[in-house]
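*Asks:* Each chain, written out:
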Amino acid sequence: MNRLLALTALLALGAAAALAQPDGMVLVRGGAYQPLYESAGGQEEIPVESFFLAETAVTNAEYLAFVRENPQWRRSRVKPLFADDGYLRHWAGDLDLGSALPDRPVVYVSWFAARAYAEWKGMRLPTTDEWEYAASASEMRPDGREDPEYRRRLLAWYGRRMPDPMPAVGSTPPNYWGVRDLHGLVWEWVGDFTSALITSDSRSNRDRDSKAFCAAGAVGAADFEDYAAFLRFGFRGGLDAHYTVPNLGFRLALDAPNL
Amino acid sequence: MTRPRFLLTALALLLTGALTFTACQPDRPAADRTPVALAADAGAELYLPEVRGEEIAVITHAPNVPPPITRDYATRVIVEMETVELVKELADGVEYTFWTFDGNAPGPFVRVREGDLVSFTLKNADDSTVPHNIDLHAVTGTGGGAEATLVVPGHAKTMEFRALKPGLYVYHCATAPVGLHVANGMYGLILVEPREGLPAVDKEFYVMQSEFYTAGKFNEKGHQDFDLQKAIDEEPDYVVFNGRVGSMTGENALQASVGETVRLFLGNGGPNLTSSFHVIGEIFDRVYGEGGSVINQTNVQTTGIPAGGSSMVEFKLDVPGRYTLVDHALFRAFNKGAVGILEVTGDENPLIFNEHPTSGELAHNAR
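Residue numbers (this note's numbering), protein chains in the order written: chain A, 1 to 259; chain B, 1 to 367.
Keep in mind that the hints were calculated from the coordinates and are not lab data. Among these hints, one or two may not hold up.
To be verified - Calculated cross-link-like contacts (lysine-lysine; reagent style DSSO-like; alpha-carbon spacing at most 30 Å): (1) B:K123 x A:K79; (2) B:K165 x B:K123; (3) B:K88 x B:K123; (4) B:K316 x B:K165; (5) B:K157 x A:K79.
What the hints assert, rightly or not - Covered by chain A, per the in silico footprint, the following chain B stretches (three or more residues, Cβ under 8 Å): (6) 75-89; (7) 129-135; (8) 174-188.
Where a beta carbon is used, it is the ideal one built from N, C-alpha and C, also for glycine.
Looking at chain A on its own, in the form it has when it is part of the complex (with noise of 0.2 Å):
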């Protein structure tokens, strides 16, 4: 009786776990990870839980459904508020790819156009930290960043020039987590992304404490070497929530309650 209870109830679990995991989606396990910058409170590890990340990033074939779906989301329907003139511009019509190809990722999305999708999906974007933590990944590990050799490759990806036409979703080797092209394809929104603790003049930053920071470096920040970091930092310092740019997408996530 007690072997056939404890078999029905890893049974359930198993089904539990099995139907939790979104398609499209893998499970990244919680930690303590190091932020690229002090968080307000001064500690130097945070904890992040449990949550799925989409493997790869939203296509031009899944936002057109959207799309279909979300009249008022429409290139030609859209508020100004919500997304800049560039909004879709890839595309040839409101929905009409044109030579936009759909397994690529979509781009000229702005942060309210992406959390429009996500909620439709019943998901949400990432937050920074989640964003970073599952990105600090290398494909054996979960924090890469002690290794020169997968930094440096990082580093040349953001120095290169953007292939052109932009590879498919998918097409770099997914990392420790099971998750694809969070580097080396295209930007990706996060929601919190106004809290990016940096300034636009990337060599203040000053945070809500307001430290005082010197000009010319990274005082401040956990790790002076992690230039992948800094870029990807001083990129959503330059952002607002509505605009579009030409290598800026998204991907979703979900809280994993329990896991």
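Starting from the known structure of chain A, fit chain B onto it as the hints suggest.
*Replies:* Below, chain B without anything else, positioned relative to chain A:
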């Protein structure tokens, strides 16, 4: 002496006197530009003249300089630049992904007048990978404009600033990580002419030194990635003028003639090294040290250009020949590319320099 002859002689004397007098007179009174005992509050006064009208700035690529400013009033000067990331040659057969202002390292030379109101628009090209901005050292204001001009790819921003202080100033990108943006080529010079203008010269050139840190060694062919460790260790593979090996050699050599006065607007984008700038075979008649407003030394052989700084030198050419511009930290000149040429044509002057003396004891003993 007869009367007509007396008159003629007097006239001749007068003419000679007049000509000599004008020949000795420089174009501008020297007193304005020589070092003086500076008052304790020198440089502190604010010059905010009325701004009349507007004009589009003439900007040029190295080694060319926009023409001197002829207006005698302040105006609104409109400057537009685009940040462009592109693959170009760093040396023959060596390619590098440069990040630039307007497609070249160094970026364009901007020339304004003390008191001008500069309207500066920075656009980031649609196909850029990263955001960029600009800090002009001529700006008095937050970040030199860096905060106001941060632009992600495909976007543009405009700011305005007053050119308060005359001098020669560096500008550069200041987006995180700053060292990387500068190491990839994002620097240039902006000249704020003093309100009375600079003394006229015959030739002006724009020369900006900088370093490059590559994964491969100097002259290793193919596309080279940036090497962060070398940059942190301040061990460049390339130290060059105007963004590449050979920018001012061969058919790109600067040209001038005997008798001309040359002014060099010198900059140093760094990111790390200070330059010991020297022109082989010449002596700088006048140096505006650190690109400031006064001539603070005359008869200088080698002058320092700090990283993120500038200098202005002037010299008159007396003898024809090939004059080599170098960073006198010699291994940079020989092994890393810090060499440029100024070709000077004209008549020989054996009274100043004689390669083959035929008279005198030494010549006799040499036989």
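*Asks:* Do the alpha carbons of K316 of chain B and K165 of chain B lie within 30 Å of each other, as the hint requires?
*Replies:* Since the Cα atoms of K316 of chain B and K165 of chain B sit roughly 27 Å apart, the hinted pair holds (cutoff 30 Å).
*Asks:* Is the Cα-Cα distance between K157 of chain B and K79 of chain A 30 Å or less?
*Replies:* holds (22 Å)
*Asks:* K123 of chain B and K79 of chain A were given as a pair; does the straight-line alpha-carbon distance stay at or below 30 Å?
*Replies:* holds (24 Å)
*Asks:* Using C-beta distances, would you say chain A covers the segment 129-135 of chain B, given that this needs three or more residues below 8 Å?
*Replies:* Check passed, 5 qualifying residues.
*Asks:* Can you tell me if the segment 174-188 of chain B counts as covered by chain A, using C-beta to C-beta distances under 8 Å and a minimum of three residues?
*Replies:* holds (count 7)
*Asks:* Does the structure keep K88 of chain B and K123 of chain B at a Cα separation of 30 Å or less?
*Replies:* Given pair K88 of chain B, K123 of chain B holds - Cα atoms ~20 Å apart, limit 30 Å.
*Asks:* Within 30 Å, alpha carbon to alpha carbon, are K165 of chain B and K123 of chain B?
*Replies:* holds (26 Å)
*Asks:* With a cut-off of 8 Å between beta carbons, are at least three residues of the segment 75-89 of chain B near chain A?
*Replies:* Contact hint for the segment 75-89 of chain B vs chain A: holds, 3 residues under 8 Å.
When each numbered hint is compared with the structure, no violation occurs for any of them.
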